[in-house]
Amino acid sequence: MKKTRVLIGLGDEEEANALAAFLYGMGMETITAPDGARALELAIEEGPSFIAVDMALPVIGGERLFHTLRKNPHTSRVPFLFVSDAPAEIRGFRAGVDIFLKRPLNFDETYARMRQSLFTAGSEGTKEIEGTLSHMSLADLLQFLHLNRKEGELKVTSDGRTGSVFIKEGNIYNALLDNAEREKALFRMFHWAEGRFEFMPKSVTAPKRIKASTGNLLMEGMRQVDEFRSKKDQLPSPDSVVRLNPAAGSVPKGLQPIIYDIVQLVKAGARVKDVVERSSYPDYEVYQTISALAAKGIITEAEGEGEQTGWEFLSAAELLGIREKISGGSGGQGHGKILLLSTSAPVVAEFIRECRGLPGFSLNTKSAFPELSMVNPLGEVGVFRLSGGMDLSLFSVPTVRNTGPLWRAFSGNLVGIVLLIDEEGTAQIKELEAAKRDILLSKRAPSVYVVKGVVDEGACRKGLALSDTERLFRLGKGEETAAKAFHSLFAGLHMEEKSV
Amino acid sequence: MKTESAPALAKGLNVDRFYDGFFLAEYGRLEAARAKRYSSPFSTVLIDLGEGATEPAVLEGLASGIVAATRDCDVAGLYDGSRVMVILPETDYFGAASTVRKLAKELEGNENGRKAVFSHATFPRDGRSFGELAGSAIRKADQRKASVWEKEGFGGRLFWEILGELTSRNYKGFDYASFDAGAGQDISEFFFDQVNELIVREITREPGRRGIMYYAAKNLSSSLPVVKNLGSAGAVAAKVFLVGEGEGSIWEVGNAMPLMIDDPRLRETFFTFFLNDETAYAIICKENWGATFSCFHTSDFGLVEGLITKFQQEYSLQEQLG
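Just so you know, the sequences run in chain order B and S. When we follow our numbering, the leftmost residue of the first sequence carries the number 235, and every step to the right adds one. When we follow our numbering, the leftmost residue of the second sequence carries the number 16, and every step to the right adds one.
Just so you know, these hints were derived from the structure itself, not from any lab. Incorrect hints may have been included.
[Stated by the list, open to error] Subject to a maximum C-alpha distance of 20 Å in a straight line, what follows is the list of computed SDA-like cross-link-like pairs (lysine to any residue):
#  : chain 1 : residue 1 : chain 2 : residue 2
1  : S       : Lys160    : B       : Asp672
2  : S       : Lys325    : B       : Asp412
3  : B       : Lys336    : S       : Ala119
4  : B       : Lys389    : S       : Ser237
5  : S       : Lys254    : B       : Asp672
6  : B       : Lys336    : S       : Glu262
7  : B       : Lys336    : S       : Lys254
8  : B       : Lys336    : S       : Asn244
9  : B       : Lys677    : S       : Ser144
10 : B       : Lys389    : S       : Asn244
11 : B       : Lys718    : B       : Phe547
12 : B       : Lys501    : B       : Gly591
13 : B       : Lys436    : S       : Lys117
14 : S       : Lys155    : B       : Glu280
15 : B       : Lys465    : B       : Ala427
16 : B       : Lys402    : S       : Ser238
17 : B       : Lys677    : S       : Lys254
18 : S       : Lys254    : B       : Glu454
19 : S       : Lys155    : B       : Asp412
20 : S       : Lys243    : B       : Asp412
21 : B       : Lys436    : S       : Lys120
22 : S       : Lys117    : B       : His721
23 : S       : Lys166    : S       : Lys187
24 : S       : Lys117    : B       : Pro321
25 : S       : Lys254    : B       : Glu323
26 : S       : Lys155    : B       : Ser676
27 : S       : Lys120    : B       : Asp412
28 : B       : Lys677    : S       : Gly142
[Stated by the list, open to error] Not the full set, but computed from the structure, chain S residues with beta-carbon under 8 Å of chain B:
#  : residue
29 : Ile153
30 : Gly188
31 : Thr219
32 : Glu221
The beta carbon of each residue, even a glycine, is placed where N, CA and C say it ideally should be.
Start from the sequences and build out the full structure, keeping to the hints where you can.
Here it is as structure tokens:
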């Protein structure tokens, strides 16, 4: 493999030599220039892969050299490392590619930054094959790479989504797409008929996650794609809700692992598309298994019980309030957060169950606690996709005292707080309220209270120091409690705005 | 210029570009109006000198140092008897944080300067008027004075000494807390990984937001969930450093820079420091016998900033906060 050649132009000769020696020790070739004029000459003659310059380089300064070489087509893509005694603004600085370091230099960090920059620049500049999927399908492309025993990363983009396939000696080592990997990710990409691809040769160090041979993998993948298309009408609808049938009893032992995986996921009372998303098995296999389990009566399918569409959940004023709250905070980019503070995990699960009836809500498949069975739930449990490209995530944080630092740490872009109380947790009301107070010390946000089960309302109100005008919402009464609680919360946003 | 600004100079102090409270408040008010009009950031730095620095001679020495460490466009002056404020036009949170570092370094040689407590506030995250920003900076200075960093005098101690202290004590607050994790404990040994994954998700959710994260673990590998999540995300503005010993593939992870530090202490203590303009969080876990861990975590900005600074200084890393 060609060695990385670095041109070093630092005013201080001792520093330049020390950096050159260090980089040489790390396997890089180095050339040094005492001033900007010589650096310019060497940059054109030698074609370095990286240029490290002093901002105060004699004859031609670092920034001037950068601008000159950026205009030359042979050197325009070369990443720059700027070294200076003080922070400076550099016109045309390419974030992620160029580096700015203040003296004193730490060589380990300098080397790490250069490696990363070369990696970024390399991924943009060394495409060996590129084209469109309409001209060459992914399966054909993989076969071609297999026959030529290629090594590198194949990036496939379609409809704004990008997936990667890692290939070594022509064999498929792994595939990544969003949160999916291995066969699941690869087979999803097989569905793409339109899009672009680019293959970048590079050494693949990732472990082999796909065990099947390339030939078998391609045949199996194409079979699943064909069958999925032809049997689409016979498979369960993605939006229908599946539940375990209590009358069916327990699932016998010794069946295929995918069956136990699906049963576990269905236990949470999920929509079909959530089960498909969360299972690590390829989509078609999951649909087929759900279908087979439904046919055997182990699970029941309730068509259209899931996501409701066609009715407005939030009014225009509420959406505007949320948008203002998000953009009013520092750096919010269409993403807000509602913190869930609860006395137990089951009450969170119950609240989420109600939320699933609301339009635009989806259970977060990347959730840090997929089973919702922990004592102290922590992580994102769901997201509302609101109109105008806004996301509102429901984020649960534990309220036991020694988790206090998490409250503020994860309350960025806070829109509101929902406090969830169940009858077993009435003794923890004070902790819950203390957590809320602590969060609101540094943030302004409205809050609502939701109770579940037999909770003494008077004692609860006293414990939470609620005024008569503040409502306690009750879960499990079939009155769209979650929706009402959210409306109340967002009305609080409006009030907050007025008071400002 | 000197003639024009002379009446506004702080009374009795013979220091150029160092103004009195009235001028400072007026300038701050105009700067806030300008920031609102053009939607640009500006920051204030508050230096609480304490009671010992109210003597004109002492104050004069400190004021000279402050003026020398700031830019020509910055406006420094006496906020009240013992507090100095510097107005930094067109400066965001990170710029203010690096000014604080610069000022602290400048005043290090002065006995009263060493005792000074620094805080900063930025428009619009901490307030939309000069009064709100000043109030926010004062509140932060008070919090800083009450923080573990100041109380325990961590500023004068070594990085690993501080980590040892934090993991051996029992903290029970909202800002600082200790807990045991691992076998037989309420909190699982995976808590550390879980929190790190959530931090990475916060980073990737807002890719344009600047910040810094140091993730130190026993063995760095590209198969770690934190590393995988970072690698599969698009480009992020936050700087993420992976600290420790690791395999070759770690060099090819996107959005993260490995810092190969061969230090035996990193094999039994792992930590994460995360800081951006809205969030500060640090978690430190020390491995004990029998797969249990003594952990400490905090959301105190002062402590997290202090830990990051110490770590950078003692391992000669780039001084940066985002």
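Please flag the earlier hints that this structure goes against, numbers listed from lowest up. 2, 5, 6, 8, 13, 14, 17, 18, 19, 21, 22, 27, 29 and 31
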